[in-house]
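Based on the hints, put chain B in the right spot on chain A.
Protein sequence lines correspond, in order, to chains A and B. Numbering-wise, my numbering puts 53 at position 53 of the first sequence, and it's gapless, one number per residue. Position in the second sequence (from 1) plus 1000 gives the number in my numbering.
Please note that the accuracy of each hint is not assured.
Rough simulated footprint, nothing fancy, chain A against chain B, three-plus residues with beta-carbon under 8 Å [to be verified]:
| no. | region |
| --- | --- |
| 1 | 1006–1019 |
| 2 | 1046–1055 |
| 3 | 1078–1090 |
| 4 | 1332–1340 |
When the alpha-carbon atoms are kept at most 30 Å apart in a straight line, the in silico BS3-like pairs for lysine-lysine are as follows [what the hints assert, rightly or not]:
| no. | chain 1 | residue 1 | chain 2 | residue 2 |
| --- | --- | --- | --- | --- |
| 5 | B | LYS1245 | B | LYS1120 |
| 6 | B | LYS1263 | A | LYS349 |
| 7 | A | LYS78 | B | LYS1349 |
| 8 | A | LYS69 | A | LYS120 |
| 9 | B | LYS1063 | B | LYS1263 |
| 10 | B | LYS1245 | A | LYS263 |
Derived by calculation from the structure, the hints in this document are not laboratory data. Note that the coordinates shown come from a computational prediction; the quantities given were computed from them, not determined experimentally. All residues carry an ideal CB built from backbone N, CA and C; glycine is no exception.
So the chains spell out like this:
Protein chains: 2
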Amino acid sequence: MTQFFSVTCGVCAPQGFYADGLNCGLRPGDQPDLAFIRSEIPCDVAATFTANRFQAAPLLHAKERLGQKSQGVIINAKNANAMTAQAGIEAVQAVLERVPFENPLMSSTGVIGVPLPVEKIVAGIERFDFSAQNPDAAAQAILTTDRWDKQIAFEVETDSGRFTIGAMAKGAGMIAPQLATMLCFVTTDAAVPQAALQQHLEESMVHSFNAISVDGDMSTNDSVFIYANGLSGVYEPEAFGEVLKRALHYLALEMVRDGEGAKKLAAFEVRGAASDQEAQKAAKMLSNSLLVKTALFGEDPNWGRLAATIGAAQVRCDPDTLSIAIGEVVLYDRGQNCMDASIEVRAAKVLAGESFKITCDLGQGEGRFVAYGCDLGYEYVQINADYRT
Amino acid sequence: MTQFFSVTCGVCAPQGFYADGLNCGLRPGDQPDLAFIRSEIPCDVAATFTANRFQAAPLLHAKERLGQKSQGVIINAKNANAMTAQAGIEAVQAVLERVPFENPLMSSTGVIGVPLPVEKIVAGIERFDFSAQNPDAAAQAILTTDRWDKQIAFEVETDSGRFTIGAMAKGAGMIAPQLATMLCFVTTDAAVPQAALQQHLEESMVHSFNAISVDGDMSTNDSVFIYANGLSGVYEPEAFGEVLKRALHYLALEMVRDGEGAKKLAAFEVRGAASDQEAQKAAKMLSNSLLVKTALFGEDPNWGRLAATIGAAQVRCDPDTLSIAIGEVVLYDRGQNCMDASIEVRAAKVLAGESFKITCDLGQGEGRFVAYGCDLGYEYVQINADYRT
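So here's chain A without its partners, still in its complex pose:
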C-alpha cells in the first residue's frame, strides 16, 4: 500500500540534495537572483523544453548533455540568455566552468537578447556554500514577475520502502498553450532509470504545465528538469508517476493563480466531447480567449462568449446538445437559455470567488479535458506594457 505526505523543504526534501540562492547583482535590492541545486552524487536527468524555435542558449547547451549524468544546475533570473547567438553558448560554458561539481547544467529566465553578465554570475558562484540547504532562497532566486515562490515536496511510503520528491517552479507571465517563461526543477531520491524518468515527466506534463494558460504566449526558455540521485534505492513506477503528477499539477495551478495580475483561477472542464483531443482543444481555447478572460475579470456570467469560443475551436458540437454551467449553476441547457435574474445573480456569485469551475458538456461523446486559466485585468496590461523598465 502506498501512502504519501506533504512535507516542506522543497527541492532539499529528498536525500542528498542541496540548494541556495543569493543576490549577485542581476537585480537591484536584496532578493536572490542566482540559485543552485546540487546532489551529493551525479543524477539521472530528464527534461522537457519549450517548443519555441528560438530556444535560449542554456537550453541548447543542456540538450546536448541530457544523456549524461549531472550533479546539479545553476539558475539565474533577469536575463534569459536568448537570441544571443554563439556568444550565449560561450557564456554558459564560461559560467559552468567555475562550478565545483560534475557536469552542471544551466537555466535562465528574464529579458531576451541581452548578453549574460558572466562576471557577476561567476562572482556569485564563488560565494555559494554548495553544502547549504536553503530551498526557500533558491525558490525566490528564480522568480521574475511572480508574487510568491512555488515549492512542494511529498514523502512516499511504499511496500518496498520510502522515497521523496521535491520541486520548485516559477511562472507568472507568458504561460502558454504549450508551456511557456516557466521553469520547474524536480529532485528525487527515487531510483528511477533515465528512460523511465523521461517518460514519467512527459506523462505528467499533459494535465499540468501543458494544461495551463495565462496569456497564450510561449517563451524561449521554458524548461522542466527532474534530477534523480537514486539514494533511496526505491522505485515503484506507479507510486512515482502518481506523486510526480500531483506535484506538477499543484505547481501548475500555483502558476495560474499567480498569473500576471490574475485574481481568479478558473478550471475549464470540457466533457462530452467526441474525443479527448477535441475536449483538450476546446478547453484550451476557453482558457486562452481574451473575451472569456475579461468576462471573468468583470465577474460577468456571459455564457454567450463561452459558447462562441467553443464554436470557434472547430470541434464537433451542436447548440442542441451543448450545456454550460458556472460552478453548479446551469446557464444553457441543450438549446435552452436558462438565464434569468436569479440564475444570473447565482452565477455572478460563483465568479466573485477566487477559484471556480466552468463546465461545458458538448454532448457528443466521452472526451474530457480540464484546462486552467485566469482572468485578465488592468494589472496584466500594466505589468506587460513596460516590463523592461
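Leaving out everything else, chain B in the frame of chain A:
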C-alpha cells in the same frame, strides 16, 4: 485604361441602391439600431460567413438562400440572434415577412443567446421609407462598440464604361484570425455574374478581413455580403477585383484602427519566409500576441517579444538569418542585437506614432504576408469586462 475615384455616399453610391437607419428601441437613446439596404431590382449576392461552428440564426437562414437573387438586407445591432435554436430562425422569418421587397436577407450583431425582439424590429420596418438614401444613418445603425462608422465608395472608369462600388462595415471587438463580430455590406452596379462575384469576394478577403486581428476571438455572426444589381451593364473583371480589394482593405484597416481601446495600428510584415503560408502564420501570430500588443501599448521596442513570438509560430526560422525592424529602425540583424540607447530612442519614437510597420525578415525564402493588429491597453479590458451592462 482604368481610373478610379473615391466618392461619398457609401452603399448608396452605385446606381439603384437605397439605405437608411433608425432607432427601433433596441438601444437606448437616438442612435439608429436598425438598417436596410435595398436595390431597385433583385441582385446577385455573394457572401462569406464566420467559421464558428455556432453560426447565428440569420446566417443559417441566409446560407439557404444564397443561390437566389435578393433585393436587399435588414440589419440590426444589439442582438446577435445566436444560440437561439429554432426560435431564432423563426424570428428571422417573422421579421422578413414584413419586408416589402423580394427575398430579403437578415444580418444581426450584439449579445448572444437572447431572443430577437421581433415586435420592435417589425415596428421599425414599418417606419422605413424604402426609397430613402441615407447611407450614413445605415452605417451608424450597425455599430456596436465602434467609435465611428466605416464607409467607402469608388467610381471606376474603364474602357467599356463606368461602374461603382460602395461599402459599409462595423468591427471593433472580436476581430479575429479568421474573421470575427464584424459585418460588411458591399453594393455595386457592376454586372458581375454570381459565381464570379463569390470568387472576387473570397480573393479580396485574404489580405483584408482575414489579415486583421484585434483580440483573436471569433464571433458567431461575422458576415460579408456583396450585392450586385448590374445596372451599369459593365463588368471588367480585373478592375472590379482590384477595386473590391481596395475597398475591403480600407475597411479592414479602419476596423483595426477602431479596435476596442486601440490607439495604434501596426502592420506586421513578415518577409523572407520559406513560403507565403509560413509568412502568414508568423504575421498573424505577431498580430495576436498579447505580449506584443501590450508592448505596443507601452511603446516599448521590445524586439525579444517579437522574436519569441516568431519562434513560437513553428515556421522555419533561424536566429542567424532573422532581422527585425520597427519602422526603418533595425533592432536585430541576423544574430546581432543592434539595440543601444540611440536606437532605442529612435524605435520608441516610431511606436509613439498612430500607425507604423514592424518588419521581420526570416531570411529563409521569398514568402511574404502583412497582417494588421493594434495595441491592447486598459480600455480593452474596461470595454470587455462588462460588455453586457
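Against the structure, the hints come out as follows:
no. : hint                  : in the structure
1   : 1006–1019             : violated (count 0)
2   : 1046–1055             : holds (count 5)
3   : 1078–1090             : holds (count 5)
4   : 1332–1340             : holds (count 5)
5   : B:LYS1245 - B:LYS1120 : 36 Å, violated
6   : B:LYS1263 - A:LYS349  : 34 Å, violated
7   : A:LYS78 - B:LYS1349   : 26 Å, holds
8   : A:LYS69 - A:LYS120    : 27 Å, holds
9   : B:LYS1063 - B:LYS1263 : 36 Å, violated
10  : B:LYS1245 - A:LYS263  : 44 Å, violated
The structure does not agree with the numbered hints 1, 5, 6, 9, 10 stated previously, though it agrees with the rest.
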